[in-house]
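**Student:** Each chain, written out:
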Amino acid sequence: MLLACLLILQSPGYGYGLLEKLEEAGVEVDANTLYPMLRRLEKQGLLTSEWDTEGSRPRKYYATSDRGAELARELMRSWLDMTGTLEELSRGDS
Amino acid sequence: MTELTDRYVGATLRSIPEKQRADIEAELRASIDDAIEARIAEGEDATTAELEVLTGLGDPDRLAADYAGRPAYLIGPEHFFDYKRLVTVLLVTVVPIVMAVVAVIHMIGGGDVGDVFGEMMGAGLGVAVHIVFWTTLVFALMERSDASVPTSEWTPDKLPARHGGGEVKLSETIAALVFLVLAINVFILSRTVSPFTAEDGSLIPIFDPTVWDFWFPFLIGVLALEIGFEVVKYRVGRWTWSLASFNLALNALFAIPAIYLLATDRLFNPEFLAEIPRQVLELDLIIIVLVVLAVTWDVVDGFRKALKAR
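Chains as they are written, first to last, in this note's numbering: chain A, 81 to 174; chain X, 24 to 333.
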């Protein structure tokens, strides 16, 4: 879920909108897990945030920071590595 | 946005630190409203939508804890084992000592068995509660502090020794049996042997003769029980919790009446005491202290060995 957030937020998004996008993309996520997580990621410097006060309702927009993008790349790499290893294992060591 | 949402947001914000409140409130409300709007757009009515959204968000305390990054447990896996070991060691060593000391103090102050026992248990319980409470508090705080206190790294050095741990050795058993038999003999012989003689040539018994009516047979009985206990201990081969507890009971059975007799001046024969030079009369107190120390050590050692031999 962490990786999905970092990837999706490469274009800025806000709370509920993010929830919808993730579900459309097939990532199962609870609102009460997502919102605190966004905050934690921001605190850790992986996301930046900005309040958008135009429009009918003020909303807080999050975007992936540079550090966040870097972490996303690393996670992506290890994820793909692991997928490769798992495939090998399931084929039985050749 | 209705009263229900207000109450929910309020409940969540309650436990969130001051400076984050305004921001979290704004964001949370916006998210809730967005969710409600989306549901309404799909045809739900406003009240149901609100209810479902808030139910989905769940327990406000839990949500607040997640926002604030607080752990949902007192002491977590990282510190738990150190905590458990520390509490166990403290309880097993400190509580018996405190109980023994309190018992002695009250016996010297002259109380009956009921009083003494009550005070002893009360003190023991009080100390145990304090130990558990303060240790738990310290570890809970440690769990919540950001500073990472270095948890002691476990190395194989820390393994409890296999031998010389909680096992009962033959040499120990034989020594204990010899000692017990000697003790019984001392009691019995004291009727007929004494360092002092009276004017009419009869021996002055060391111990007060009335003591033979009940207490000495009782004490000899306890010593005999201890002999049996030593044998059982040897057969079992290692210390267990029940053995250690039984050990405690036997020691108490012996020590408490002995100290009681001493403290109430019923142990020694007054005529015998009269023969002893004055300075040695503080004998009583010295003997009491020695008995308490010996008994406490034996009891604590029993539990320690039970601990090691688990």
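Because the hints were derived from the structure by calculation, they are not lab data. Only a predicted model underlies this, so the values are computations on that prediction, with no experimental measurement involved. Careful: at least some of the hints might be erroneous.
To be verified - Straight-line alpha carbon distances no greater than 25 angstroms define the calculated PhoX-like cross-link-like pairs of lysine-lysine that follow:
1) X:Lys328 / X:Lys42
2) A:Lys140 / A:Lys123
3) A:Lys101 / A:Lys123
4) A:Lys140 / A:Lys101
5) X:Lys42 / A:Lys140
6) A:Lys123 / X:Lys328
**Student:** Now tell me, hint by hint, if it's right for this structure.
**Tutor:** Structure-based check of all given hints:
no.	hint	verdict
1	X:Lys328 / X:Lys42	violated, 54 angstroms
2	A:Lys140 / A:Lys123	holds, 15 angstroms
3	A:Lys101 / A:Lys123	holds, 23 angstroms
4	A:Lys140 / A:Lys101	holds, 16 angstroms
5	X:Lys42 / A:Lys140	holds, 17 angstroms
6	A:Lys123 / X:Lys328	violated, 50 angstroms
The structure does not agree with the numbered hints 1, 6 stated previously, though it agrees with the rest.
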